[in-house]
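**Q** Residue numbers (our numbering), protein chains in the order written: chain G, 147 to 404; chain Z, 155 to 602.
These are computed hints drawn from the structure, not numbers from a lab. The beta carbon of each residue, even a glycine, is placed where N, CA and C say it ideally should be. Keep in mind that the hints are not guaranteed to be accurate.
[What the hints assert, rightly or not] Only some residues are given here: those of chain Z computed to face chain G with a beta carbon under 10 Å: (1) G372; (2) V385; (3) N386; (4) A388; (5) D571; (6) T574; (7) Q577; (8) D581.
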Amino acid sequence: MPLLELRNLYKAFGGLQAISNVSLTVNEGEIVSIIGPNGAGKSTLFNLITGVYRPDRGDILFQGERINGLTPDQVTKKGIARTFQNLRLFTHLTVLENILIPQHHRLKSSWLAAVLRTPTYLKEEEEMRKTALEKLSFFGPRLMSFRLHQPVYVLSYANRRRTEMARAMATDAKLLLLDEPSAGMNPKETKEITQIIRRFRDEGGYTIVLVEHKMNLVGEISDRVVVLDYGEKIAEGDYKDVVNDPKVIEAYLGRREE
Amino acid sequence: MRNTLLTLATLGIAVLGLYLLTQAEGSSGLLSAITLIFIWGIAAISLNLINGQLGILSLGHHGFMLIGGYVTALLMLPERERAPFRTRLLSDWARDHLDLDKWLRALGLDYVANSVDLKFVIALFLAGIAAAIVGVIVGAPSLRLKGDYLAIVTFGFGEIIRLLPNAPEVAAFTNGPLGIKGIPGNAGGVWWTFFAFLFVLWFLSRLKFSSYGRAFEGIREDEIAAEAMGVNLAYHKVLAFTISAFFAGVAGGLYASYLQSVDTQTFNFFVTFFLLVAISLGGLGSITGAVLGTAIVVLVRIYGGFLEEAYPAYVGYTGAALLMLGAFAFSAYIRKARRLRPVIETKHYIFGALGLGLLLVAFLFRGEPWMTQTVQFFGMRKILLAVILILIMIYRREGIMGRAEFSWKLVFGPREDIPTEEQRKQDAWLSNPDLNPDLQKEDDDASA
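Here chain G stands alone, though its shape is the one from the complex (with noise of 0.2 Å):
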């Protein structure tokens, strides 16, 4: 069974068919980018899983389950988080903070047995900050210390991106939509992205779905490559394979007037 179906999907704004009749299918343990030009699509469709559009025909399938028509909490609650293209942190809290939101969902005790700080809410609070402090240890040590306690408006460009990616990481998901996760990286950083997401899916066990335009990151690590324009799949398949397709080349640069 694959982790994520989409069947036949649509979607319209108006007179925009902004997604017409997409079909995808995502197995577990893999990657898989969505590229193509500005406009084609790409940030509908992550909205379109995430339960923020709801689609209007097709049907969405996570783990055989149909999941369109929830709200994103709902969806992020069955297993589904994603990274923002602009990054959409707690802006004035810790990264801590930060890390902790997104694991409020799991929490079992209620709001009272919160304040009373009940044993298993302490329990419970406790391996919370656990649980955090393990998704930041992807990233290595430079957010671990001093940093933990910041809040998130003093940090770097790229400390906020991978705080962020974290923050995705700690909702408990075993599925990752990564909107563009390296937009305004330098090479370097790019490059480091680009192992933490191969290391998400080897060390972390999860199934990744990315847009991104840098072409030389998505030929790297991408296992199946799917091209939309105009909100329909041109193709799909193996990324030496798209990139020397006619359609896609058109999509990108244009025909040539003969």
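Following the hints, complete the assembly by docking chain Z onto the known chain G.
**A** Okay, now just chain Z, sitting in the frame of chain G:
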């Protein structure tokens, strides 16, 4: 351990100070100021839960306070005060049956009914519950809205609640515009407000530093991200709104007991307005700030009376001149201290000279009749508050405390967010290729 001891010591000093104050003679003014700070402090902290921590502008807080006030009033009213209502609007049923005393005696809890203090606690709790129920009814539909729209809707609900006691059908319980008088006031003494205040402080700061408090702050920072991280927006918003309404009801009950009477004018929109001023002064999102802001507002309102007395005109002129000179000195200091273009411009000197001129005029003509006639400035307290608010918004927009809370760690350390020398070295080693040969190699790889 050290922090617990410090907290206990502070509490002890506060209790001792309050005790000495209640024993001292001529301290009733100060005591009532302190009582008011505690009552409004409770209301401000509870408003801060929605406006500061959840980041939702709610303008209907006076409605919840009113509910608390009326419920407490009706439940606590002693038998002899109920008799006159026979000819008034209050229905016989409400007069005879909405009585905590009777309920308790019916349950066989005579020893509770004999103690005004215990009855008061129960009445306050029921007042909070009533306000919380209305909070859910108001909150559940309106919290779907965002920003300005929500502010207007909550304001509308607040006004509806405030005007309801006047409606004929409801007046059977509220005695209409006449209100309820004769609420036992001794139960609203400084000790009860003090302990209620401590309880609210304890409860809401515990809530703030729990997983639920973090979820509230996540919603404030970024609703979309919070929802994407699994925070159920509707549930948490209604939860915070309800808790806030509960404590607003408690504050309303305390205030009604302090005044010993309640009517629809007691809790008009200005109540919410002053609470908003208080939490904006102190810092939105900070409990410490809310208390600090409330203290400033209450103290200015109570002890600012001398500003509104009648003085000879030259006192007014001298005051204005001194203010102008002070403003000049302040702006000169700010200008000199800033990094970009630290110059004092001509217009500042002209303003300063005008102030000096006015001072001279006031001094030279102090004997003239137009200088010695008395003048009185009404509303100077409110102007002073407004000026303080303007200054805070210009020079420290996040309020006095910002989002920070007072804690012993903040004062005595250890500060976890400031790196130690060792951590700083380690961090430099992680990121500086000149120190770390491994990074040098990686750099070459990346550029190759």
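**Q** Does each hint hold? Answer for all of them.
**A** Here's how the hints hold up against the structure:
1. G372: 4 Å, holds
2. V385: This hint holds: Z/V385 lies near chain G, its Cβ roughly 6 Å from the closest one there, short of 10 Å.
3. N386: 5 Å, holds
4. A388: 9 Å, holds
5. D571: For Z/D571, the interface hint holds, since the closest Cβ of chain G sits about 4 Å away, which is under 10 Å.
6. T574: OK, holds: Z/T574 within 10 Å of chain G, min 8 Å.
7. Q577: 5 Å, holds
8. D581: 7 Å, holds
Of the numbered hints given earlier, the model fails none.
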